[in-house]
Each structure stands twice: as structure tokens, then as C-alpha cells.
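Engineer: Same order as they appear, the protein sequences are chains A and B. All the letters of the first sequence, read from the start, carry residue numbers 1 to 507 under full-length UniProt numbering. All the letters of the second sequence, read from the start, carry residue numbers 1 to 359 under full-length UniProt numbering.
Quick caveat, the hints were computed from the structure, so don't treat them as lab data. Just to be clear, a hint being listed does not mean it is correct.
Said to hold, decoys possible - In silico lysine-lysine, DSS-like type, Cα no more than 27 Å apart, as pairs:
| hint | chain 1 | residue 1 | chain 2 | residue 2 |
| --- | --- | --- | --- | --- |
| 1 | B | K6 | A | K49 |
| 2 | A | K22 | B | K6 |
| 3 | B | K6 | A | K56 |
Model, not experiment: these values are computed from the prediction.
Listed below, chain by chain, are the residues.
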Amino acid sequence: MTEPLLRLSGLTKGYPGVVANKDVSFTIGPGEVHALLGENGAGKSTLVKTIYGLVKPDAGTMALEGQPFQPAEPRAARAAGVAMVFQHFSLFDAMNVAENIALGMENPPPQAEIAARVRSVSDQYGLPLDPDRIVGELSAGERQRVEIIRCLLQDPKLLIMDEPTSVLTPQEVEILFKTLRQLSAEGTAILYISHKLEEIRTLCDNATVLRLGQVVGECDPRQTSARDMAELMVGATLHVPEKAEKPSGNTVLALAGLSAKAPHQFGTALREINLEVRKGEVLGIGGVAGNGQDELVAALSGEMKSAKGMIRYKGDDVGQMPPNARRKIGLLAAPEERMGHAAAPDMSLTENAILTAMTRQNLTSKGFLHWGKARSFADEVIAAFDVRTPGPENAARSLSGGNLQKFVIGREIMQSPEVLVVNQPTWGVDASAAAAIRQALLDLAEKGAAVIVISQDLDELMEISDRFAALNEGRLSAPRPAQGLTVEEIGLMLGGAHDMEMAHVDA
Amino acid sequence: MIMLEKRPQPSRGWTFATPVVAVVLTMFFGGLLFAALGQDPLVTIRTIFLDPLFSEFAWFYRPQLLIKGAPLVLIAIGLSFGFRAGIWNIGAEGQYIVGAICGAAVGLAFYPIESFVIFPLMIIAGAIGGLLWAMIPGILRVRFGTNEILVSLMLVYVAEQLLASMALGALRNPDGMGFPGSRNLSQYDSAANLEIIAGSGMHWGVLTAFLAVILAYVALSRHIFGFNVRLSGQSPRAARFAGVNPGMLILSCMGISGALAGLAGLFEVAGPAGQISIDFNVGYGFTAIIVAFLGRLHPVGILLAGGLMALTYIGGEIAQSNLGLPIAAIQILQGMLLFFLLAVDVLTNYRVIWGRQVA
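Isolated chain A, as found in the complex:
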């Protein structure tokens, strides 16, 4: 074997109270597609941040093409040929693609030249992208292309991708994989972080599995089953959520022609949404982000008011009710964005428990807070949902994304809602935590609650939904029983919800 492109030897990094990486060693060869697997908090992010120069290791060394490699900052890493596409995009909505790319450059050439280079790279790698379009109008997949092309313009030797497919449609994933394979064939190594094991099996040459900061195994993903890899990650047998068959109950929530204007410039208007949700069912709503998911959740949670008669809960018109009045009668919601929407990053978990639970859990009397009660409620959520944190007095921002997600979803479920609306419940959450969240949602439905799950992850929706509907440009398709839906049918529903019925006849 030739000289590896990147060699990590004994990388160790500790934070107060936790060891994020402990003696991590592995190598990546030129052109290799290497998967990095692990649960949330296993140390994947710390490791790639180390490679990208955002974190300094306490011990251990790295070598790039045989030369010692210790980037002091991302700029140095980029100069050495390491590029990274983050899970969260850093793009300005109001600027166009070329301007956004210029912002990330040390000495940006004129706009026209950038636009030309973007066009040539996007042609070369089959990533369709118009440099003159405003980023706010792009889909998540197209935004990701902006980030990828930004990296490719640096001609990287190693491309790090953190959870790249979590926001993509199946078609967009295909395009992305084609590009990655082409890059790999040209000699660019790719370090690929994902929870989706099937993807890793189709794309990657090698996989390193991390658990609690240590390498617990390496495998050839093409030879290893997804289940085996998952169990290696978790270190235990994986439980697949089980769905009990049950008769459907009475309608608890009914949307009748729910329409709403887009709340802001880059929002989506809701158009004539009709929907009935019954006790004890899980309704899955699929669709690519930005098609009205946030707005639908806001209309149901009470953050956005709607006109009379559009939202009925057990027959009562609730469209004008503020959030806490809805919580009081049992209509709860968990929005997609954890940091800053579902939770306040700088506040403690106890305070974040108060955030939505004060009404239903009686955490206040005459306006005064019961800190003891709030704390014990936070403790209950932490215990029931296996939230990894030293205690409820810690700030929400100190939790990893998946742990905070477990807390946020757990906080709503523990209040025993009658209708729960969740948006992207397992986004960026590792396999075992995602399975636990899905199981909790199913359990909630089994106890008689109606659960609306909005997600981009079709596998997830098929796994837990009784009925499935698709959201497209603010329109919702008529829900259909999830069982027996084919991928083609789902694709058609997603492609254009409004003419779904006709498409169904053709299909």
C-alpha cells in the first residue's frame, strides 16, 4: 500500500468532565471514501474539528502525506488541502451563490470569474447550480451544493462531510453520491460522517467506528451488515421500534382549508391544508425542508395564529389560541430547530423544562416559579430519555445535538399530550437515540395520543407512520395508509402534492 494521505496517531482530547477522543488512530488513503461512525457524543465532531484545525488535541499527532500536520486554524487546514462541509450551512440567505462563495475566500477574484468557475465546477461534477441565484430561494440540497462547490474550488486532497444527506431527497442523494464517487476516482479522499448505515454501505470503502471517544472497530462496510455496524456503534443489541396494530379512534385534530401567508421573506405560505388526525395514530408528513414544515408547526403550536375555523381540536376552534392555552388542552409541539427555538441555548435544562412545561406540569403558581418542581421534571426527562448530561443545571448549549433533541422531545412526551406535533424528531441523532425517540412516539400513540411526525427521512416515516402525507410548496397531499406505499408512489406524492391523485391513477 502506498503512503496514506492522512494518518492520525493517538489523538486525545479532553473537555472538563469528558474525554471526547481517546487515543484515536487510523489512516485514510488517497481517493479513499472513509466512513466515520458513532453515536452522538462518541467524539466524531471533535475528531473532524481536530483535523480541520478548529480544536487542538491534548496529545497525539497527525500527518498529511507523510508531513507533520498540526493546523492552528481552519485556514491552515484549508491551505494544506483539507476542506469541510458542515452539517449546518453558513450561508447568507439574501446574497447570491457567487457572493456567498466569495465571502469564504481569502482573496476573492471578481464576481464574474467566480461565477464562471462555479459553472465549470458544477458542470464537471454534475452538481447543477446557478451562481446568480439568491441563496434564500434554494432548496436544502442546492444550498449544500454551494458548500460543496465552495470546497471544490480549493482543490482539496481531503473532503470532510458531516451528515451530508440528512437534508436531501432521495434524488439529491443520488446526485451527491455520483459526485463523491467521481471525486474519489480523481484521487480526493473523503471522510464521510453519517448515521445512515445503508448509505455508508453503498458509498464507503472503509469505516472506523467510535464509541465513547475510542476506536472500537474498523470494518469494510460493503461486507458488513447495517445491523452489525449499528451494534458495533452502540455496543449493545439494537432495538428496532415495534408498532402495534390498533383500531383508529375519533378525530382529535381537524384542519380545514388551513391557509396562511408566509411569515417572512424566505418562508412558505400554507395553502388549503385539509387533514383529520385520529386518536392513537401516527401521521407521517414527508417532504423536503422549506415546503411549509416550519409554518405548519407554527400554526399548530400557536406561534402563528390562523383564521377562524381552520384548526379544530376536539371540535373547538383553537386557531386563535396562544401557545400556552393550546398546551393546557393537550396540543403540544416540538419545532425542528433545537438551539434557539425549541430550547434556549444559554439557559439551564431546568429553565428549558419550564419553557414549555410550565402550564401542564403546574410549574408556576400565581406567576411564581416552583424551581424544585421544575428541576425534578427536568430530572425525569433526563432519566427517561437517557439524556447524557451531568445534571439539569447545565446549559442547553453544553449538550450535543442528539442529546438536546432527546431532551426536547422527551420534555413534550413526558407531559402526556393528546396531540403531539414533532418536526424532524431524529435529525442529527444517532441510530440508537433515534430508535428510542421513535419508540417513544409510538408508545405515546399507543396510549391514545395522536402524533404528527414531520420528517425528511422517508425510512423513518415508513417505519412509524400509520398514514402518510406529503407537503409540497405549502400544500398537503391527501393522506394515505403508509403500509404498502411504494417508493415510486411516495416520490410522486413528494413531487407535487396537489396533483397526487392523478399521478396515483397513472402509477
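With the hints as your guide, set chain B onto chain A.
Structural biologist: Below, chain B alone, put in the same frame as chain A:
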């Protein structure tokens, strides 16, 4: 090389240590500054920070500390609610003036009747005056999305003109032989903001300031209103999700800061100042902004910061008269205090990493 790394959560130790470190740094660099001005740094620092409390004339200065500190604390407490919620009322000076005018007008309307209800009525009028003046930027922000920083600040200048016109017109002392300025309220028993204990400086405004500190502490740490205020400042979206009505919150915060500034104005006009005059206001409303931040927007912190600020005022005056120090030097010292506080504040959220640690 020095690097800053964000802490997973704010350091509790540094939260308390920063103000102390800032004061120590201010004393040190202030001392250097005074030395450069040809003064003995130790003597100067002692004059400013210790003489008001411990010199042979401290009996005169200590009451001054309460009189100067009370309006600062009262206004700063009110501002701290808005500042925590991300609502920037910069116009407390204007609300202070209007509170004083309204309170004084009620008192003067009763002159010369003596009754125990007059002073309480004046207090209510002062609070309402400040509150209404603050509602102008508040309502404009909620209804039309105007910037409350600009509107509240500009209203300070409107209030100053109003003050001048009152001193020269409607509220002018009819027995004042044409001189501008109202009757002296401190000589009108029913309207006077008297010292509760003679010679202590402890007037009703001081008592109100202490009460405000306690109530603010309870509201912020135990009450849902304080929780909503903190939540709105940290994550406006999460606040809306939690059911906070942003418009109501803006009006409440503006109202509280306006009412407390108005109260401070009333206590000042009925006590230490005595009358409505053209130059009645001396900038308490602006200095209170520094006090609020120096006190970390925390009620107890504000109490200490108000005391410290009052100390530098009084100490500055002593240094001016006894040592001939220019007033600008004192103002630089006060500026340094805020500067060092903000600089050291970085350590609460970040830890310093020295470059040689690189592995």
C-alpha cells in the same frame, strides 16, 4: 499566541470576579494616569475611593453617597429588565425629566394646602409621567417597528425642551420675581421628599431604590415575568414558542423602566434638587446605563455598581477641589471602569489558551 476558547457554559467564578478585577485594573491604570498628570497616584486613588467613606469629613460625604446613588440604582434597575430582554431604552433621562415635571406639577397644584395625601399623589404622578413618556417609543416599536433606541434617545431632547418651557412658563414660581424655576418643593412640607432619618441622606427615594432592588431580584429569579424577560433576551424565537407575547413584553419592560426613571425624577425634584429648573437633570439617566451594565444587569450587582459610581462622583469632586484634578480625568476613570469590565467580561464565556500548549 493567545487564543480564546468558548466555555461550554459561562464560568460562575468569573461572573463574580470580573467586576472586582475591573475595579482593581481601573485603580491601577487610573493611578498611572494620575501619575502622568503629576499627582501622587496613591493619594489620588485614596481620595477618590476611600476619602468619601473614611476621611474626617466622611460624615458629610456618606449621605451624599445615598443621595447620588439612589437615582442611579432606581433607574438602572428599571433599565435592566429591558436590557435583559433586548429592548434598549436609552432615553431614561427623558423619562426622569417628565416624571419630575408631572410629580412636581401635582405638588404645585395643591400649593399651599397641607395634606398627607399630596406626596403619595406626587409619587404616583411621577411614575405615570415616566411610564407614559416611555410608552411613546414602546408603542411605536410594537405598532410600527420603529427603533426604540433612536426614538427614546430623541425624546430626551424633547423632554429637555419641555423642562425648559415648564421652568419658564407653566410651573414658574409666581413669587419668583420673574426668575426661571418653580417654587421650592423641599420647603413645602406636604410635597417635600424629606430625609427619613435626619442627616443620613436616607430620603424616600433611597428607600424606594432598595425596595426596587429586592422586588427586581424576586421578579427575575422567582417569577415567570423575569423568566420571560431573560428568555426573550437570549432566544426570541424560543420565547415566542414558550408563549411570550413579544409586544406585551416590550411594553412591560419600557413601562417598568419609564416608571422607575419617573420615580427617580420625582424624588430628586422634591428632595435634593428642590425645584423644577432649566438645568434640573444632570445625566443620571445616562449614567444609569453604565451602572446597569457594571452591575451585570443583576439587581444586587446594580446596587453595588450604583454605590461605586456614586463614590467616583463624590470622590471625583473631592479630588477636583482638594488636588486640583481636572474633571476630565475623573470621567476617564469612569470610562475605564466600563472598559475594563467589558474587557474582563470575555473571561466569563471564554477561556484563554496560551499558544505554547499546542501538542
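Engineer: Given the proposed pairing of K6/B with K49/A, does the C-alpha separation stay at or below 27 Å?
Structural biologist: Between K6/B and K49/A the Cα gap is close to 14 Å, so the pair holds against 27 Å.
Engineer: Are the Cα positions of K22/A and K6/B separated by 27 Å at most?
Structural biologist: Holds, at about 21 Å.
Engineer: Does K56/A sit within 27 Å of K6/B, going by the straight-line distance between their CA atoms?
Structural biologist: Since the Cα atoms of K6/B and K56/A sit roughly 13 Å apart, the hinted pair holds (cutoff 27 Å).
Consistency with the previously given hints is maintained throughout, with no hint failing.
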